[in-house]
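Novice: Letter by letter, the chains look like this.
Protein chains: 4
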Amino acid sequence: MKAGIINVTGYAGVELARLLARHPEVKLTSVTGRGAVGQTLSDYFPHLAGLDLPIEPELSGSVDVAFSALPQKVSAEAVGPLVKDGVRVIDISADFRLKNVAEYEEWYETRHPYPELLENAVYGLTELYREEIASARLVANPGCYPTSAILALAPAVQAGIIHSDIIIDSKSGVSGAGRGLSLTAHFSEINESVMAYSVNGHRHLPEITQELRRLSPSADIAVTFMPHLIPMTRGILSACYATVKDGALAAGPKGLEELRTLYVDFYRNDPFVRVVTASPMTKHTLGNNDCIVFPNLDLRTNRLVAIGCLDNLVKGAAGQAIENMNVMFGFPETMSLEALALYP
Amino acid sequence: MKAGIINVTGYAGVELARLLARHPEVKLTSVTGRGAVGQTLSDYFPHLAGLDLPIEPELSGSVDVAFSALPQKVSAEAVGPLVKDGVRVIDISADFRLKNVAEYEEWYETRHPYPELLENAVYGLTELYREEIASARLVANPGCYPTSAILALAPAVQAGIIHSDIIIDSKSGVSGAGRGLSLTAHFSEINESVMAYSVNGHRHLPEITQELRRLSPSADIAVTFMPHLIPMTRGILSACYATVKDGALAAGPKGLEELRTLYVDFYRNDPFVRVVTASPMTKHTLGNNDCIVFPNLDLRTNRLVAIGCLDNLVKGAAGQAIENMNVMFGFPETMSLEALALYP
Amino acid sequence: MKAGIINVTGYAGVELARLLARHPEVKLTSVTGRGAVGQTLSDYFPHLAGLDLPIEPELSGSVDVAFSALPQKVSAEAVGPLVKDGVRVIDISADFRLKNVAEYEEWYETRHPYPELLENAVYGLTELYREEIASARLVANPGCYPTSAILALAPAVQAGIIHSDIIIDSKSGVSGAGRGLSLTAHFSEINESVMAYSVNGHRHLPEITQELRRLSPSADIAVTFMPHLIPMTRGILSACYATVKDGALAAGPKGLEELRTLYVDFYRNDPFVRVVTASPMTKHTLGNNDCIVFPNLDLRTNRLVAIGCLDNLVKGAAGQAIENMNVMFGFPETMSLEALALYP
Amino acid sequence: MKAGIINVTGYAGVELARLLARHPEVKLTSVTGRGAVGQTLSDYFPHLAGLDLPIEPELSGSVDVAFSALPQKVSAEAVGPLVKDGVRVIDISADFRLKNVAEYEEWYETRHPYPELLENAVYGLTELYREEIASARLVANPGCYPTSAILALAPAVQAGIIHSDIIIDSKSGVSGAGRGLSLTAHFSEINESVMAYSVNGHRHLPEITQELRRLSPSADIAVTFMPHLIPMTRGILSACYATVKDGALAAGPKGLEELRTLYVDFYRNDPFVRVVTASPMTKHTLGNNDCIVFPNLDLRTNRLVAIGCLDNLVKGAAGQAIENMNVMFGFPETMSLEALALYP
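Chains as they are written, first to last, in the working numbering: chain A, 2 to 345; chain B, 2 to 345; chain C, 2 to 345; chain D, 2 to 345.
Please keep in mind that the hints were generated in silico from the structure rather than gathered at the bench.
Since we're looking at a predicted model, the values are computed, not measured.
Every residue, glycine too, gets a C-beta built ideally from N, C-alpha and C.
There could be a bad hint or two in this list.
[Stated by the list, open to error] Facing chain D, a subset of chain C residues (Cβ under 8 Å, in silico): (1) Pro-232; (2) Tyr-242; (3) Pro-281.
[As the list claims (entries may be wrong)] Sample of chain D residues with no beta-carbon within 12 Å of chain B, all distances over it, derived: (4) Val-15; (5) Glu-59; (6) Glu-104; (7) Val-200; (8) Leu-300.
Could you build all of it, start to finish, from the sequences and the hints given here?
Specialist: Next comes the structure, spelled out in structure tokens:
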């Protein structure tokens, strides 16, 4: 099977290339990149030694699946025609994640070029939409923050055991900001420091809210989402807080057992979600496709504290995209994603 | 005036030495340290070049003020007799922070050796207890996390504008774990990773709760406190979340103005608290005694999001201790603490 | 085929487990570890999720190959009996690297427990000793620094184009210091700092000298080796300096071409050495088994400046050990070592 | 006394502001900055809280001393007229460091706008040119690498105890690359990696060579200089290698004693050079103006290994500039530079 990557020169794009290079059923046959046209992949990225594919201005030849790692809007502009031509597409940008066009246009401050594709686009959180993904023509790969937060909260939200006021405090490595230059990704500004950003609303908020509401349509979910930048390259850890409804769980340690059982059951068939009983670290996901979920209770205040952590470029981007491709084409879901995390 | 430091060989102790070395009114005349007796300060810590004071087993000579940077319990055992002898003491350990002995003994799993001193010990958060500190014989210097969180929340709690459910999500550099060896301070384990720890209750929780309740005795403050370790040496940033009471602030941006005015007024006379209008980074406090406080509102959900950040070894430990000493002895509060932050 | 790991609980040991877990021809059947006996691999190392092998006090059952990741001396004590029993062994410690027992005993300050095994032990730098490794019963896996430095210098030394005075200035990440606690691996001491260490002689010096002399027995090679610790987890980069003999290379850029050809030819059949024409970064080897070699000339002073870089836990330890195992058992040399580097 | 800073918005400029803000004899009265005109210093740099000086397009009012932190060429263009107007100038750029105009123009690939000022410009390495600096109108502040390397080598070179072949291997934090955006200062590219750069000749090489030759005019000094970028913000450590002349020092440990005495004597009157007997770390200079020099011998090969380390923004830039100003205006050399290093 043949695959193409649009905009291979960013961090999500090059991670797709790294993972696809070892996929036994897929051959990467075409890659595009703005500003690197004419070079080969291994010229531009020395760690991709041996991948001598030329970087082209547009995908060439026919491909069975195309991944887009372009920024929003230009991504929709690039993949719209492909979808209409019958190529199955996995879009890593935000363009097809929000079902409500007006909401998209408000948050992203642009007109959507292909609103007609939204209806059939599938939100690519594999654990929640595996069936729809299997037959999808266009998959909207989730954001890195939403993947960590939604997976940490989904069992509790769907089961209706928490109140609707939810706080999500996330910490991210810097690679999430991409390969484009900016002062907020400048080494000396970021190293040895931590800060919250997008304090008046991060673009991943509507995506999180949309999905939590789909899990519990009758609840009036109200999310406060606060992302932080911390001095590391890869990794996201989201701590999610909500008050447990009275009587929803047994009192004391027994309630904690019920909570864990709820989570383990929810993710029983998901190869990449690991429900754990001790506080996880992002290092335990470095370079692999796991999302580690740690559901816990603050028994003093009867609050759920659910932590989700992952590698933002793998389960938070390229890895989940390949997982979705595997589902779409009937390959084993874990194919080419078997690597254990790199530790330490 | 003469000062002594008990246990100068940990990070808080050596930071005290660094700051006292340049204090124009105080002479550091005696230091103790377990395991380094016989060496001089500059032998043991090359960056203290020129400080040739010998490290002794016990404080020698008479001192006007003693700082203890010992761990809990052994600190109380060391400073108890000094206080009884009339030496004014600033204790950086947790031993005299909690007013309730039983609570101390439960959280620290030890019997308190000098419970009779608790009544007159003053909690050394300078901004809240400046007057009591001025005449105190024994000051219990606050923890690093509590300093950042209490200062971020105090104006809102005292004014009664928020509900009693409070979430505090803190991120700390590793120096807070001290100079003692442990896997959780081992470079390769901590670098490039983030994790929550003490997930079932950190010892700074009762201290935070005690102080917030003193600010609003009638509210039934219920705090969830979740500390995280991030890969940097110095710095703490605490994000504090609580729902604003209906009508407590005007709707929309006007409410935000009211909130900021409340905070600015509250800290009007505090030289080391800076109330700001943009999200701060811990780097802006590196090596200095400021606590930067950023009060903000999530207008979508009507929630207070108040951020406090500081250098855990300065305002979070040694700097605040010297600030308290300045207050106790009538020196200008900022004396020897004037350094601007080291940036970048 | 069955493999065992002795002392899986250090960084080299756990990296062996990570890499062997995906080897298609080898089954990891037994692991030992001091201090973790009774736990499973995935209990002790959460990133090895799914590896439920118990950690035992001694290897159990029969194995075809055993890896030892013990420290020196105790490693020889553990593998000596295995070798005598006919198990093929790859020893990651330094115990069988030095051919001269007296030199070993001087540098490691201990008596060698199995000097009689030295004669038939093969130095496991795959590129230099592939044939001997193929039939070896005992392979002494090289040190991380020596691998980077010897590979950077071997073509020039063997060709006799440089004088015998050689300077090797190496920079290493902290994981090379292992998982054992020490102040020189304590986060707050190492982060944001660089230092040279072992300034009066590092134990890898005799190993480097031995191997360079074997490449050019008539030259009186005199090496100054200076290792530095830098604030990162994985990676070693060695810069090697030596004066080019008059007339050994053509003048100017043509000489550089000759140099590069010499290196490319030397490593023509080595899948894991990449000879490059631009200054490499350790990041380009993260998690994979490559050693990148960059031969260059300082044309102003007619000096060779050859750089070698690698991941100290992969090509510098566990990866090379598996490469050697592949050679010993007739598997393709790259088997289970195909992963591209993790970037960024 | 009044001082101005030209281009305060880079890292050297802002560090000048930080240090001048606390100078008891100097008032910072005017600052300029490209791209930040109209803001105040504390708007632009929150850590300079309280410094409400406006950032202007040109220096305003009269100043007694001007510091230029502009890049090369534009710096000469800015300070040339000031010098001619009688303002005493300390130029942090490279424009007036090289005595040979042709050499400058070749390395910096530009025509020098004020070659006539070169003759009377003084190279501002305080330890070597204190007297000339005292009366200078124009001081060319040294580069960060040259300061570390020249101070590490000067005593040995001047005493004539080493041969003329010198290798300097330097490791630098990223702040040396400045605040301007580039991929080589992009967090995710630099973090967790080390690389050599400017491998065919760094612009600090001619400066180092010029000064070492002035110390030993008859020797034909030939320097290979190799800078490396390591993942930290501040700090430079240079390891310098050269062969000791036969008989220049006594054999064995006695020679080491002679070497140390030579260094201690050389720097007897220099408040900011600390000659030490153990391998130093850059952390011991963080934020202060020391250069730590560690002279050592590789007794196996009779080679000098001299290490110099410093904070590249302090002794390597802004601190040394203020030290020079102190000398020029008759203030104590250490004034406003007394801070001890920030540790850890």
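Novice: Next step is simple, just say for each hint if it's right about the structure.
Specialist: Against the structure, the hints come out as follows:
{"no.": "1", "hint": "Pro-232", "result": "holds (5 Å)"}
{"no.": "2", "hint": "Tyr-242", "result": "holds (5 Å)"}
{"no.": "3", "hint": "Pro-281", "result": "holds (7 Å)"}
{"no.": "4", "hint": "Val-15", "result": "violated (7 Å)"}
{"no.": "5", "hint": "Glu-59", "result": "holds (25 Å)"}
{"no.": "6", "hint": "Glu-104", "result": "holds (32 Å)"}
{"no.": "7", "hint": "Val-200", "result": "holds (26 Å)"}
{"no.": "8", "hint": "Leu-300", "result": "holds (24 Å)"}
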